[in-house]
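Sequences are here, hints too, so could you generate the full structure?
There are 2 protein chains.
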Amino acid sequence: MSATFTPLHRLEAWQAVPLLARRELSAVDLVRACLDRIAEREAQVQAFVQLGADAALATALELEAGPVRGLLHGLPFGVKDLFDTFDLPTAYGSPIYAGRQPPADAAAVALCREAGAVLLGKTVTTELANMFPGATRNPHHLAHTPGGSSSGSAAAVADGMLPLSLGTQTAGSLIRPAAFCGVVGYKPTHNRVPKAGVKSLSETLDTVGGFARSVRDVALLGAVLTGDARLADPANFEQAAAPRIGLCRTFEWAQAGDDTQQAWAQAEKALADHATPLTLPVPWRGLVRVQKEVQAFETARSLSHERLRYRELLSAPLQALITDGLAISGETHARNLRATASARQQAQALFDQHDVLLAPSTLGEAPRGLDSTGDPLFCRSWTLLGLPCVHLPFARGRYGLPVGLQLVGAPGDDHRLLAAAHWVHQRLRS
Amino acid sequence: MSATFTPLHRLEAWQAVPLLARRELSAVDLVRACLDRIAEREAQVQAFVQLGADAALATALELEAGPVRGLLHGLPFGVKDLFDTFDLPTAYGSPIYAGRQPPADAAAVALCREAGAVLLGKTVTTELANMFPGATRNPHHLAHTPGGSSSGSAAAVADGMLPLSLGTQTAGSLIRPAAFCGVVGYKPTHNRVPKAGVKSLSETLDTVGGFARSVRDVALLGAVLTGDARLADPANFEQAAAPRIGLCRTFEWAQAGDDTQQAWAQAEKALADHATPLTLPVPWRGLVRVQKEVQAFETARSLSHERLRYRELLSAPLQALITDGLAISGETHARNLRATASARQQAQALFDQHDVLLAPSTLGEAPRGLDSTGDPLFCRSWTLLGLPCVHLPFARGRYGLPVGLQLVGAPGDDHRLLAAAHWVHQRLRS
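So the sequences go chain by chain: A and B. Each residue of the first sequence is one higher than the one before, starting from 0 at the first, in numbering that gives the first Met the number 0. Each residue of the second sequence is one higher than the one before, starting from 0 at the first, in numbering that gives the first Met the number 0.
Hints are not guaranteed to be accurate.
[Said to hold, decoys possible] What follows is a set of in silico ranges between Cβ atoms, one per label pair, in the way DEER data are often shown:
| id | chain 1 | residue 1 | chain 2 | residue 2 | range |
| --- | --- | --- | --- | --- | --- |
| 1 | B | S328 | A | F4 | 34 to 42 angstroms |
| 2 | A | T278 | B | P276 | 49 to 57 angstroms |
| 3 | B | R308 | A | R22 | 21 to 29 angstroms |
| 4 | A | L312 | B | Q344 | 22 to 30 angstroms |
| 5 | B | R68 | A | P88 | 33 to 41 angstroms |
| 6 | B | D257 | A | D351 | 47 to 55 angstroms |
| 7 | B | F4 | A | P88 | 37 to 45 angstroms |
| 8 | A | Q265 | B | G69 | 53 to 61 angstroms |
| 9 | B | S341 | A | T278 | 20 to 28 angstroms |
| 10 | A | S341 | B | P276 | 25 to 33 angstroms |
| 11 | A | R22 | B | Y309 | 24 to 32 angstroms |
[To be verified] Residues from chain A that keep clear of chain B, each with C-beta distances beyond 10 angstroms, as calculated:
| id | residue |
| --- | --- |
| 12 | T5 |
| 13 | R9 |
| 14 | L18 |
| 15 | R36 |
| 16 | A105 |
| 17 | L279 |
| 18 | D370 |
[Said to hold, decoys possible] If you want the footprint, here are the derived chain A segments under chain B, 3+ residues with CB under 8 angstroms:
| id | stretch |
| --- | --- |
| 19 | 57–70 |
| 20 | 116–129 |
| 21 | 256–269 |
| 22 | 330–340 |
| 23 | 384–398 |
Hints listed in this document are in silico derivations from the structure and should not be mistaken for laboratory results. Just so it is clear, the structure is predicted and the values come from calculations on it, not from any experiment. Think of the CB as a built atom: it goes at the ideal place given N, C-alpha and C, for glycine as much as any other residue.
What follows is the structure, encoded as structure tokens:
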């Protein structure tokens, strides 16, 4: 696919970057193309809570005139409304924080701007990055959920409104919306990306990541967020050897629907020469429960101000999660954290025989209806383990919505995971 | 020491709590006693950036009239100005944030208020919890540093202005000021206490904890912050058996000054029947360097907004730390995080033969001068390892300032560490 025949707003970031750097593509034109696409589609998709069009055009103009700033020079990006931005309000998807204007950028936002990215707007998050949905719809079918909690960031990238966006994951909030919207979602190794200025829910689980339309694009973003230049090294992709893939259906496989089972069968066939089955340690059967309890316990305590002073402004599902969390004893939580630490130790051994693991991302395609953002079941354990994950879209479900699978990497080996994901994605799409 | 003969403002929290609960002590009187002490001494000590006297008295009055709220019912507390408070400004010790009023309490603050504690004021932090000092002086000798970065919280408790206060540690910011001011400092296991609403510097290192004048007092605070009731269980202290103590001079022992060496000799003698030497794993020799690099790398990135937009408002030492951090490659950082994870795994084995480790807290007593808050050398490795630590004051240095040592516990075993610390502290002070 040559850049020449792709509409500007659909250009992949890694294709746009050299054109922008050589001034063969105008940063202002690229911002305009994205704004035009937003103007055309936003009434349907509702990906944004706030646009910063004038500031974005001014920044793009400045970037055109100045030196190349960094890896994201001239690329428009969107930011989940869970990240502070000094020039746009940040309300965390909650009426408690309506109109709140933070004094500073979240670290991840500042790092993207430093690398030359142009903030186009704040994207819809579910309420406080939990289960209660925002307004966003699935751009592939407006009656279906885009997933959550990073709903707007995934939908905007899927719909060609933006090449890149930021999100977070505590259970399945990056991988699930990436899967439902049919984009590449990247959850880095836990704590490789600074969380300063992002509303904190769970120290153990919260992870900053992002969305794009190709693995090479999330790798660009990942290099900026982690500060690890290896992630975006072109050689990492161009010379990538076939990875040794562990086929990891997980203990929750029985709950995978037809869409996911068919995508799995298709992938197994396409990757047969490079993949062998992998069995998880038996005690990991309990990790989904541990993740749920850790999330509830830590969220209930992180949101102490909100539950004590604004309980009536919290949705019923979030109130229920908080009630569950407060019912878990500190002793149980200490035991859960011990189980987490022990599982994180064991995780390293999964990668003795394999470079990456292939695993389900979701139960199936995006469910119909906007009352729920779907089930993060297949993401919970990987988030608890803190392992880097990349969602790869490559199939379609029964109703024509996107379906895919995730690749899981060894802790801290994000650059190898991304190279493998690029290789695998090419195979799956060919 | 009977409560009757202790001035109100010097009462230990665990002694005050039952009196407050039985209405034998008035919460208003206790707040007034602390405010009187502050009025008498604040011009010298300069522990506070902001007092909330009226609101504190109103809250105390309310608590007197209502039911017992929780473990800290009626106890005044102070909060390092790195934690957000909805009713007092929070400026992180930086001119960048002068006058900033957050919309919500940090989670740790809200948890203390929920348990009945009365916020008396915000205490001085060094600039952005780094090395550039605030105004606070050592209450034992005004020409000496109180330590940092939790300077005001440690000094206020030492001077009898408050029974309890909150702080954070990224290198040695709880244990060092506790040692210099002669109070008990408690750094919980990493990520046992929510960090929501606390200015984030380093995901890997930042830890919320607190100060008090006895182990039983920090245990009360710890139970509220962690949600683990075992920490404050009276039986935990009253029935505490003698712990098996590992004597751990650490690889940095050669840098301990006379004060610390004498305190060590005194402790070794007092604890001889229960203590045996412990040798750390040889690769841990490098942990101080790893901690420094992790702190510099993560701080430089967490403070991206500040370094990009307000560089001229950052102190020279903080600018230098940021420059150091930006010079560390993402690949080196990934290696450092791997070394950290591996050392955290090994740490468990230290506690096969010992319940707790005794280790130095500081080079010696608080240095003369207010230009530096002293060296966190002896805290760096324990912070990197994420292990719970309690500083115990029990000796005096050459110039009559407080000296002590820290006890280090197994990861997640905060309740056992606190019980052992209570036992050891009684021995050391008798």
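Hint check:
{"no.": "1", "hint": "B:S328 - A:F4: 34 to 42 angstroms", "verdict": "holds, 38 angstroms"}
{"no.": "2", "hint": "A:T278 - B:P276: 49 to 57 angstroms", "verdict": "violated, 44 angstroms"}
{"no.": "3", "hint": "B:R308 - A:R22: 21 to 29 angstroms", "verdict": "holds, 27 angstroms"}
{"no.": "4", "hint": "A:L312 - B:Q344: 22 to 30 angstroms", "verdict": "violated, 43 angstroms"}
{"no.": "5", "hint": "B:R68 - A:P88: 33 to 41 angstroms", "verdict": "holds, 34 angstroms"}
{"no.": "6", "hint": "B:D257 - A:D351: 47 to 55 angstroms", "verdict": "holds, 51 angstroms"}
{"no.": "7", "hint": "B:F4 - A:P88: 37 to 45 angstroms", "verdict": "violated, 56 angstroms"}
{"no.": "8", "hint": "A:Q265 - B:G69: 53 to 61 angstroms", "verdict": "holds, 56 angstroms"}
{"no.": "9", "hint": "B:S341 - A:T278: 20 to 28 angstroms", "verdict": "holds, 25 angstroms"}
{"no.": "10", "hint": "A:S341 - B:P276: 25 to 33 angstroms", "verdict": "holds, 29 angstroms"}
{"no.": "11", "hint": "A:R22 - B:Y309: 24 to 32 angstroms", "verdict": "holds, 31 angstroms"}
{"no.": "12", "hint": "T5", "verdict": "holds, 31 angstroms"}
{"no.": "13", "hint": "R9", "verdict": "holds, 30 angstroms"}
{"no.": "14", "hint": "L18", "verdict": "holds, 26 angstroms"}
{"no.": "15", "hint": "R36", "verdict": "holds, 29 angstroms"}
{"no.": "16", "hint": "A105", "verdict": "violated, 8 angstroms"}
{"no.": "17", "hint": "L279", "verdict": "holds, 20 angstroms"}
{"no.": "18", "hint": "D370", "verdict": "holds, 28 angstroms"}
{"no.": "19", "hint": "57–70", "verdict": "violated (count 0)"}
{"no.": "20", "hint": "116–129", "verdict": "violated (count 0)"}
{"no.": "21", "hint": "256–269", "verdict": "violated (count 0)"}
{"no.": "22", "hint": "330–340", "verdict": "holds (count 6)"}
{"no.": "23", "hint": "384–398", "verdict": "violated (count 0)"}
In summary, the structure is inconsistent with hints 2, 4, 7, 16, 19, 20, 21 and 23 from the numbered list given earlier, while agreeing with the others.
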